[in-house]
Amino acid sequence: MHILVFVKQVPDASQVRVNYETGTLIREGVPAILNPFEEHAVEEAVRLKDEHGGKVTVLTMGPPQASEALKQCLARGADKAYLLSDRIFAGSDTLATSYALYEGARKIIELEGDVDLFFAGKQAIDGDTAQTGPGIATRFDLPLVTYLIKINEINLEEKYVVATRLTEFGQETVKVPIPVFFTVEESLNVLSHSPLPYLIKAEKAKIELLSGENVNLDKQQCGLKHSPTMVKKAFTPEKRQRGATLSGTLDEVADQIASKIAPFLKKVS
Amino acid sequence: MGDIRYDVAIVGAGPAGLSAAIVLAKAGVKVIVIERGRFPGSKNVMGGVFYTDCMKGVVDDFPGKAPVERHIVEQRMWLIDDESYVGFTHKNAKFDNQPYNCHTVFRAQFDKWLAQQATGAGALIINQTVVTEPIMEGDKVVGIRTDRPEGDIMADCVIAADGVNSFIAKSLGFRSNLKKNAVALGVKEIIGLDEKVINDRFNVSGSQGVTIEMTGSLFEGAEAMAFLYTNKKSVSLGVGMIIEDMIEHNINPNELMESLKAHPAISPLIEGGETKEYLAHMIPEGGYNEMPRLFGDGVMIAGDAAMMVNAVHREGSNLAITSGKLAAQTYLEAAEKGDFSADTLSVYADKLQESFVMKDLKKYKELPKLLQKNRHLLDKYPKLINDAAFELLKVDGISKQAKQRSIWKNMKQQIGFTRMLKDLYKIWRTVG
Numbered sequence: 001m002h003i004l005v006f007v008k009q010v011p012d013a014s015q016v017r018v019n020y021e022t023g024t025l026i027r028e029g030v031p032a033i034l035n036p037f038e039e040h041a042v043e044e045a046v047r048l049k050d051e052h053g054g055k056v057t058v059l060t061m062g063p064p065q066a067s068e069a070l071k072q073c074l075a076r077g078a079d080k081a082y083l084l085s086d087r088i089f090a091g092s093d094t095l096a097t098s099y100a101l102y103e104g105a106r107k108i109i110e111l112e113g114d115v116d117l118f119f120a121g122k123q124a125i126d127g128d129t130a131q132t133g134p135g136i137a138t139r140f141d142l143p144l145v146t147y148l149i150k151i152n153e154i155n156l157e158e159k160y161v162v163a164t165r166l167t168e169f170g171q172e173t174v175k176v177p178i179p180v181f182f183t184v185e186e187s188l189n190v191l192s193h194s195p196l197p198y199l200i201k202a203e204k205a206k207i208e209l210l211s212g213e214n215v216n217l218d219k220q221q222c223g224l225k226h227s228p229t230m231v232k233k234a235f236t237p238e239k240r241q242r243g244a245t246l247s248g249t250l251d252e253v254a255d256q257i258a259s260k261i262a263p264f265l266k267k268v269s
Numbered sequence: 001m002g003d004i005r006y007d008v009a010i011v012g013a014g015p016a017g018l019s020a021a022i023v024l025a026k027a028g029v030k031v032i033v034i035e036r037g038r039f040p041g042s043k044n045v046m047g048g049v050f051y052t053d054c055m056k057g058v059v060d061d062f063p064g065k066a067p068v069e070r071h072i073v074e075q076r077m078w079l080i081d082d083e084s085y086v087g088f089t090h091k092n093a094k095f096d097n098q099p100y101n102c103h104t105v106f107r108a109q110f111d112k113w114l115a116q117q118a119t120g121a122g123a124l125i126i127n128q129t130v131v132t133e134p135i136m137e138g139d140k141v142v143g144i145r146t147d148r149p150e151g152d153i154m155a156d157c158v159i160a161a162d163g164v165n166s167f168i169a170k171s172l173g174f175r176s177n178l179k180k181n182a183v184a185l186g187v188k189e190i191i192g193l194d195e196k197v198i199n200d201r202f203n204v205s206g207s208q209g210v211t212i213e214m215t216g217s218l219f220e221g222a223e224a225m226a227f228l229y230t231n232k233k234s235v236s237l238g239v240g241m242i243i244e245d246m247i248e249h250n251i252n253p254n255e256l257m258e259s260l261k262a263h264p265a266i267s268p269l270i271e272g273g274e275t276k277e278y279l280a281h282m283i284p285e286g287g288y289n290e291m292p293r294l295f296g297d298g299v300m301i302a303g304d305a306a307m308m309v310n311a312v313h314r315e316g317s318n319l320a321i322t323s324g325k326l327a328a329q330t331y332l333e334a335a336e337k338g339d340f341s342a343d344t345l346s347v348y349a350d351k352l353q354e355s356f357v358m359k360d361l362k363k364y365k366e367l368p369k370l371l372q373k374n375r376h377l378l379d380k381y382p383k384l385i386n387d388a389a390f391e392l393l394k395v396d397g398i399s400k401q402a403k404q405r406s407i408w409k410n411m412k413q414q415i416g417f418t419r420m421l422k423d424l425y426k427i428w429r430t431v432g
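Protein chains in written order, with the numbering used here: chain A, 1 to 269; chain B, 1 to 432.
Calculated directly from the structure, the hints in this document are not laboratory data. Where hints are given, some of them may not hold.
Not everything, but these chain A residues come out facing chain B in the computed CB check (under 7 Å) [to be verified]:
hint	residue
1	Leu191
2	His193
3	Pro195
4	Leu196
5	Ala202
6	Glu203
All C-beta atoms, glycine included, are put in the ideal place defined by N, C-alpha and C.
Please put together the full structure from these sequences, using the hints given.
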């Protein structure tokens, strides 16, 4: 089984501050980390590999420093890491990024063989768009399972996966054919403490480089020029109002709560 | 998977561990460094002055591309009182000659760079991994155990450069738990300011910088030192106090920092600045008398783990680097003999004794005790000296002779003539 995980290096959002005068983020001096959702994606991929055999490949697009994030994936147990890096990709929005990663993944399939499971985080903590993963899946015309919280069963002979995903109102368990694309939630698994040999291997490993030269690209779909997303306005959202405090006897409070949530319950049913 | 085997396993990627790793890797030794932080430097804190000389034999063209801030051309020493100070300043054009005597640095950047020199030389650095204990064969250290699965590393020799809390030194019984009176807590803030503002306020240009060391009665009779160092676009302002004194005087580090920031001599220097970072770390200040055993069968202790801090001259990282270097050289000599017994590794202690590291630490070895028993040295004297300076310089119709008499009388009242003589003698004996 070949598993390909798409990952992104992001600024540590917990350390990013906002310049309230300009509405922009202060990224200066903020350390870069592996997008947390993708840390769980790699963890799951390595677990599945350990259980069913096969290999895990990771791919990211970014500047040369992004190889640090790839190293982290290798330390978590991934077998091989590819960095897609070229000036031509600078300023890509989610449309252009998903195109570049699609072409990068096609190259990896050429080099490493067919992929059975594709993984990505549900979104990156810097942009929060949740568009790149689905974008790649669409280009491959693959079944897409977003917000994955559990892999219940993998049947490699009959080529299907039973998986549970989170929806707005609850959970949904689906049976999908392989190959399949997942975007994952953090609750998918608990990160394990990697064995020391993995870390040593990661430090010694060579990151495979992909660029505009060795990947087949339509340059009319790359970079800032071909990214149709426009930022119309950046603003600081209004602070959420604090919750109301209800008072009275237990029964009175229960009545108040019931009358408040009744309209929503009607909507759901 | 089989045993993980290296020639040398180093615990801790700080200045001591990394300089040992660089020297060893350059000599072709198979070396691994285990660091608990996310990257080397992520957990490391110091005031911020790094001396150039110790890098000889480690990174020869230092600073080269190393991330340094400003080179220091002026050093100020202040005895401070609540609202004043009496100071001594030394500025020298010679400090503008290369190689510079010292630079201010940020450890998060500096240690990362030093680590790159180590990996570049062929050392392997593993982050986010905690060493839990030495692996023993009888009395001999034969490796280290980490908190990771399959995490044992076997080695001919272990260099423990695991910092002030050194679990290795402790678990080997080389030293007991840290004493409250042998460790200081240092806190510092990095306060962002425009480069031009710093140049104007400190009367410097280009990459020139200034340091200020302070001590005095701001700190309510407790033994403490404070500092202000200029970086390119910020100043590092910090204060350190022996933990026992903090407990006794019921002072928390935050209050200490705030009273320092509010001091009339400091507040104009940091006015308009924005605090970018807040850091705290323990500083081993016990000096020579509190040093642990430095070597055993298959093991050497270096840097903060061995209490190698010269609190009087705010030196620590240069002692750490020198000790790491000497530990590495000792290993190379031992490897020629193929013998890593305590007997062979005792050369490490000899090398340290011959170096400035032990000579300086020995010179000031009685100082911690002196200050502990004579708190008034850091409390009453700075106040008296500040009062005296004020009296002498204030023009108010009183004759100078009368002023001198009144200062003298005040001193005798506060401390006493014989006591003053004794103090002078004691200070001379200790630091002279």
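For each hint, the structure was consulted:
1. For A/Leu191, the suggested interface contact is broken, since its CB lies about 12 Å from the closest CB of chain B, more than 7 Å.
2. Because the beta carbon of A/His193 sits about 6 Å from the nearest beta carbon in chain B, less than 7 Å, this interface hint is met.
3. Below 7 Å, beta-carbon pairs count as interface contacts, and A/Pro195 has one with chain B at about 4 Å; its hint therefore holds.
4. Nearest Cβ of chain B to the Cβ of A/Leu196: about 4 Å, under the 7 Å cut. The hint holds.
5. Taken as an interface hint, A/Ala202 does not check out: its beta carbon lies about 9 Å from the nearest beta carbon of chain B, beyond 7 Å.
6. For A/Glu203, the interface hint holds, the least distance from its beta-carbon to any beta-carbon of chain B being 6 Å, beneath 7 Å.
The structure fails hints 1 and 5 (numbered hints given earlier, in ascending order).
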